[in-house]
Amino acid sequence: MRVFDYLSHLDRRIIFLLVALAVVIPMLVPLNLPVDITGPVKNVYDKIESLPEGSVVLISTDYDPGSEAELYPATEAIIEHCFRKNLRIYMMGLWPAGSELGNMALNKIAQSYNKKYGKDYINVGYRPGGQVMLLSLGRNFGDVIKVDYQGIPIDSLPLGGGVKSARDISLVITFSAGDPGILHWITYFHARYGVPICGATTAIMAPQMYPYLSSGQLTGLLGGLKGAAEYETLVDKKGRGLRGMDSQSIVHLLLVGFIALGNVILVYQRRRG
Amino acid sequence: MKTILPLIIVFCCGFYMLATFFIPARFSQTSSQTLQNWYLGVMAFFVFIGIFNLIKINVDKIQRKLRDWQYSIILLTFLGVMLGAGFIGGRDSKVFLYLFENFQVPLGATMFSLLAFFVASASFRAFRAKTPEATLLLIAAVIVMIGRIPIGYLIWHKFPDLVEWIMQVPNTAAKRGILFGIDLGLISMALRVLLGIERSYMGGER
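Protein sequences, first through last, are from chains F and C. My numbering applies: residue 1 is where the first sequence begins, and numbers increase by one. My numbering applies: residue 274 is where the second sequence begins, and numbers increase by one.
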């Protein structure tokens with residue numbers, strides 16, 4: 001079988017080309033595939049729906065541009081939902097570039113809902129220190145946060161002055177691509193202060209979070225771009241998550257095809273000895 | 274004394290912080306908060322050490338014309354440009370935001386998305402059912418990959434449920450086992466450090 005001999009030495013540039021086509025073509029010709037809603041994503045939606053108007057939601061953007069493609073769509077979808085429900089957003093980041101990415105989404109969506117900086121939302125920027133910072137933060141926000149990301153004294157802002165400790169936070173939503181991130185929020189903020197935690201993680205991190213979901217330490221979870229697409233479906237706002245699912249679908253099918261083909265070649269090679 | 278003093282500091286600080294966690298008295302909470310604030314101050318200082326180190330290493334690379342030294346020039350130039358844009362115009366300035374949104378974000382996303390190409394190549398060449406364990410992993414991976422995309426739902430509407438079951442039962446059971454192992458190891462290591470049995474953090478001595 002010359003075909004299998006040829007395929008077993010397939011130039012990897014052909015594989016790269018096929019992957020590129022599988023990503024680009026669905027972007028040019030959208031398939032608009034329907035997205036099913038999974039339990040962990042619905043839990044995040046229901047938790048936000050259950051909060052009374054004016055509640056403070058702490059959003060922590062714990063990722064950098066490397067994970068932007070997976071986590072930024074989720075950031076936008078959840079901020080959209082929070083503002084639609086008239087919740088107040090207290091944003092921060094455990095990663096240096098995270099607060100900038102969060103700010104991009106926050107400013108863009110706040111404008112469309114006529115939200116005022118300082119009253120309806122604030123961003124206190126990057127906060128170093130990982131778990132120790134979170135322990136201090138829960139006890140007394142003033143010990144860790146004295147100014148917002150622009151250097152404005154936090155007490156001069158109505159929302160900033162109103163949040164003194166973890167007791168003033170109704171929900172934490174972390175967008176997490178690694179360490180420090182969601183595990184620190186669960187271990188040090190939920191366990192110590194009892195604040196409910198929801199999260200959006202990269203797809204590769206999502207399986208690690210299931211023990212915390214089943215124990216109730218994590219209320220809900222958006223896993224990867226699929227989680228963002230599900231959330232966009234729930235809030236009825238088509239964004240990059242839903243648009244990206246077409247490409248992701250074709251690439252996944254292509255990968256399954258590669259795996260199957262690789263194993264057919266393995267069987268053929270074994271039979272030939 | 275050079276060995277004993279750090280051990281005493283680690284022992285005292287470590288056990289004191291451990292004790293304050295279980296003692297809700299005002300004094301213990303205030304003092305542990307002070308120690309934590311000191312830690313945060315030290316952590317913030319690490320950012321400057323990081324930048325200083327980055328500059329030092331790359332300047333050295335340029336001076337000695339080591340391999341790919343040209344990239345170090347680009348790195349240092351853009352480090353200077355980003356720092357300058359941030360300090361002069363502030364983090365909301367048009368220049369800073371333009372550089373962040375149009376350089377840093379797409380470059381970071383590009384680096385990460387390259388993984389897709391290598392994963393595709395690896396799935397073809399290396400993901401083979403050579404043993405029963407590898408076969409089991411392969412079957413689970415294929416089900417999860419298909420069940421996590423909208424096409425999977427169209428192929429068979431129970432695919433997403435099957436994926437959730439894999440995630441919630443076998444995956445959670447395995448992860449819990451791993452987590453217990455890690456946490457027991459962490460507790461044991463922490464005790465070894467606090468009691469001075471593990472001393473490699475002081476420079477390799479055990």
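Just so you know, not all the hints are guaranteed correct.
Just so you have them, the derived chain C footprint on chain F, three or more residues with Cβ under 8 Å [as the list claims (entries may be wrong)]:
1) 9-15
2) 58-68
3) 179-191
Since the hints were made in silico from the structure, they are not lab data. All values derive from a computational prediction rather than experimental measurement. We treat Cβ as the ideally placed atom computed from N, Cα and C, and that holds for glycine.
Against the structure, test the hints numbered earlier, and report the numbers of the ones violated in rising order.
-> Number 3 only.
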